[in-house]
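For the protein sequence lines, the chains are W and L, in the order given.
The first sequence stops at residue 459 when you use UniProt numbering, and every number in between is there.
The second sequence stops at residue 459 when you use UniProt numbering, and every number in between is there.
Errors might be hidden in some of the hints.
Said to hold, decoys possible - Subject to a maximum C-alpha distance of 20 Å in a straight line, what follows is the list of computed PhoX-like cross-link-like pairs (lysine-lysine): (1) LYS284/L x LYS272/L; (2) LYS86/W x LYS122/W; (3) LYS129/L x LYS86/L; (4) LYS263/L x LYS263/W; (5) LYS272/L x LYS225/W; (6) LYS21/L x LYS86/L; (7) LYS122/L x LYS110/L; (8) LYS48/L x LYS58/L; (9) LYS48/L x LYS272/W.
Derived by calculation from the structure, the hints in this document are not laboratory data.
There are 2 protein chains.
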Amino acid sequence: MAERTVVTLGETLAALVEGKKYATLRDILVTMNAVDVAGIFEEMPEEKLPLLFRLLPKELAAETFVEMEPEAQELLIRGFSDHELKEVVDELYVDDAVDIVEEMPANVVKRILRQADPEMRKMINEILKYPDDCAGSIMTTEYVSLRPNMTAGEAIQRIRCTGVDKETIYTCYVTENNRKLVGMVSLRTLLFSEDEDVLENIMESNVISVNTLEDQESVAQMFTKYDFAALPVVDQENRLVGIITVDDAIDVLQEETTEDFEKMAGMAPSDKPYLRTGVFETWKSRVPWLLILMLSATLTSMVLTGYETSLAACSALIAFIPMLTGTGGNSGTQASVAVIRGLSLGEVEFSDTFRVVWKEIRVAVLCGVTLAACNFVKLMVVDRFLLHNEGVTVLVAAVICVTMVFTVLCAKAVGCLLPLLAERIHLDPAVMASPFISTVVDVVTLVLYFQVARAILHI
Amino acid sequence: MAERTVVTLGETLAALVEGKKYATLRDILVTMNAVDVAGIFEEMPEEKLPLLFRLLPKELAAETFVEMEPEAQELLIRGFSDHELKEVVDELYVDDAVDIVEEMPANVVKRILRQADPEMRKMINEILKYPDDCAGSIMTTEYVSLRPNMTAGEAIQRIRCTGVDKETIYTCYVTENNRKLVGMVSLRTLLFSEDEDVLENIMESNVISVNTLEDQESVAQMFTKYDFAALPVVDQENRLVGIITVDDAIDVLQEETTEDFEKMAGMAPSDKPYLRTGVFETWKSRVPWLLILMLSATLTSMVLTGYETSLAACSALIAFIPMLTGTGGNSGTQASVAVIRGLSLGEVEFSDTFRVVWKEIRVAVLCGVTLAACNFVKLMVVDRFLLHNEGVTVLVAAVICVTMVFTVLCAKAVGCLLPLLAERIHLDPAVMASPFISTVVDVVTLVLYFQVARAILHI
């Protein structure tokens, strides 16, 4: 039997590199998608990279370059001759060029801009001036623009002449002389119209557009809402300055979702993949929230110290503290995550606060009573009967179960309210998620627990 | 001053409905996007719905119908004459028709299928036979297919003749007589080619496709990876059966993300928006995990009862239990969420386990030491000096801080390992998130705490 039966494509190609079978290698690479070529290249030894890259035909080379990690891109650029760099830069779409420029050190940026032709350079600088995370920074300025008095036939002709280096030719924008956006027409409409139809009559004139400074997250949400393939970006005077295509919107969506996950777990957002983030960097993104939450737990310590005499009088109560705070935390997290996700999908708004709270209260009562009932049975059967924990009397069990109902109620109320309030004061609701809510709920639970205990057990 | 200065579009339209100004209403509605029309209609009183709907021109009516909630769709269908229903059904894309059919009760489905023309009915039934959540169930069978021996000019002509009711005409698939998929060509390529170029020579022949039974989540991931506008779906014999378009892929992405959020917060996934889910339904999706986690907290109770004598000997320890378990839970959640997100973005795989654990151990040591140091200072300054808590001696503080380091270490290790193991045994890593990990970490933390206390304080 052969020692290894599974051979991956990566291993096959590595063997070809090893054996210097470059012609065969090239034949395989040209059949592949740029994303996959980039993935294979990242696995190869660094010093082979420039050689491998030179095997690719011009267009595939540029596409692969875009898909590589910044470190590999920098390495390649440093190895390029001016001529090679120009060839790659000429093939790039302007929004991809901007993404690359943003990641490179200053001297590499200078070299890139020097090799770009003047028009490209102007477009790059145009996009670079917009703040990060806004529509202007993710748009491209390479779009097809048409005039309202053109015929469909003329428009198709114009697309065939000028469209080759545009990011999309499927959605075209109709502008007047002053670049004012007056309409939108899809290539589909153009193809299905008569050649002599005038654009003015066949275009969509109520165009949904976004402002250059619009937040990229709300731009991405417009794509999910309207199923657009592209969205025009306009300045304050409704002049067309660029377009955003759906593939870039998907990237934003994924980025923003990752950020939400990170914030909800009490981490500072990072824009690098998990395995590429250094240990020190990860520590820096995680330790602040851990510290804040740890220090705010001083409150729970104070509550416990404050009720020390009650605890001494009935030490059986201690054993159920983690169960109560845990259930409170979990109940609160459920409510907060449901509301946070609803907010970010646009299903819930601040004006729904009353409906949300009313719903959570009813859910909380149902959950609380179910949990309390099950818990009572468990306390009697498991703790008292099976584990012979003599401290768990019927009254103690009653204290625990009554507290349970109130805890779930408070936790759900806090859990749904905090994200809504955050939204209201323009904070990100996601930072109000599980860790923060658990800390608040811990304190509330403990106070409830001991007040109920004093009332029922008279301690 | 007027009583109200802000008037929304919805209010204006409601006033027009009230005043029976239907002509004006129609003039406004026709300028709007179907998504927005649907949004406005949902706010209107139910009994007005059929009347409002009849104001819309045929195409906008069908588009609006697709965007409405199932309840409103059912109401409308019940009000339609057979002729009206046929008009709407004729305008629908087959994948939208399938989505509607899936939500309707059996008698409504029968009426829809009776009004659909035979070809449409065949396509609907074709798609309905695939299991939920697989590629086949989200595809459409309305695509443009071309032959390898056609010229670019012929292909464009064919698109103009047959493309009008296809979901997309921008990505076309090249098949042989037996429907075998042999290539892909974009309308862009066709437009930029010479009219006499033969498809065989200009098409992309290494087509990335998915099988009908492929999981919808991995289909959506292919869109984010490759930036496709459409993806062909083939059967076991590589015969083309349908295509999936990017807008449907985005919907899947959003759905799957919501599911991840819900699972990570210990809720059963729901496919209805937050405010449309009933109280009982919400209770049903939340209570199982709360119950499981509450009952598994029996373990923490047992640990606390087991160390009762140690607690009695040094009651100051009690006050810091929630702080330690809380910090452990938060540390574990950070690691697990980072790994879960990495897994779902394809950045982390099971084979990276060693690298992940090694990274988390180093991060945990950094975090643990930072937290312990800060905590020691806090215990001495706040608890001992400011709050005069005499029980907090230097030795007690040492116990708490040493436990802190070990807790963070265990929590991060458990937090990153559990999702990886879940992935390995084909469970959803998301269910291993915060609530589950907190429960495991609670037990570990308490055992550590008392063992360290016994060692240092000799109790």
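Status of the hints after comparison with the structure:
Between LYS284/L and LYS272/L, the direct Cα distance comes to roughly 14 Å. Compliance with the 20 Å bound is thereby established for this hinted pair. A C-alpha spacing of about 16 Å is found between LYS86/W and LYS122/W, which places the hinted pair at or below 20 Å, so the restraint holds. Of the pairs offered as hints, the one joining LYS129/L and LYS86/L is violated, with about 23 Å between alpha carbons and a cut-off of 20 Å exceeded. With a CA separation close to 17 Å, the supplied pair LYS263/L and LYS263/W stays within the 20 Å bound.
Pair hint LYS272/L plus LYS225/W holds up; C-alpha atoms about 16 Å apart against a cutoff of 20 Å. A hinted pair counts as satisfied when its Cα atoms are at most 20 Å apart, and LYS21/L with LYS86/L does not qualify at roughly 28 Å. Taken as a hint, the LYS122/L and LYS110/L pair is honoured in the structure, with Cα atoms around 14 Å apart against an allowance of 20 Å. Among the hinted pairs, LYS48/L with LYS58/L is consistent with the structure: their alpha-carbon atoms are about 18 Å apart, no more than 20 Å.
A C-alpha spacing of about 52 Å is found between LYS48/L and LYS272/W, which places the hinted pair above 20 Å, so the restraint is violated.
Hint violations for this structure: numbers 3, 6, 9, all remaining hints satisfied.
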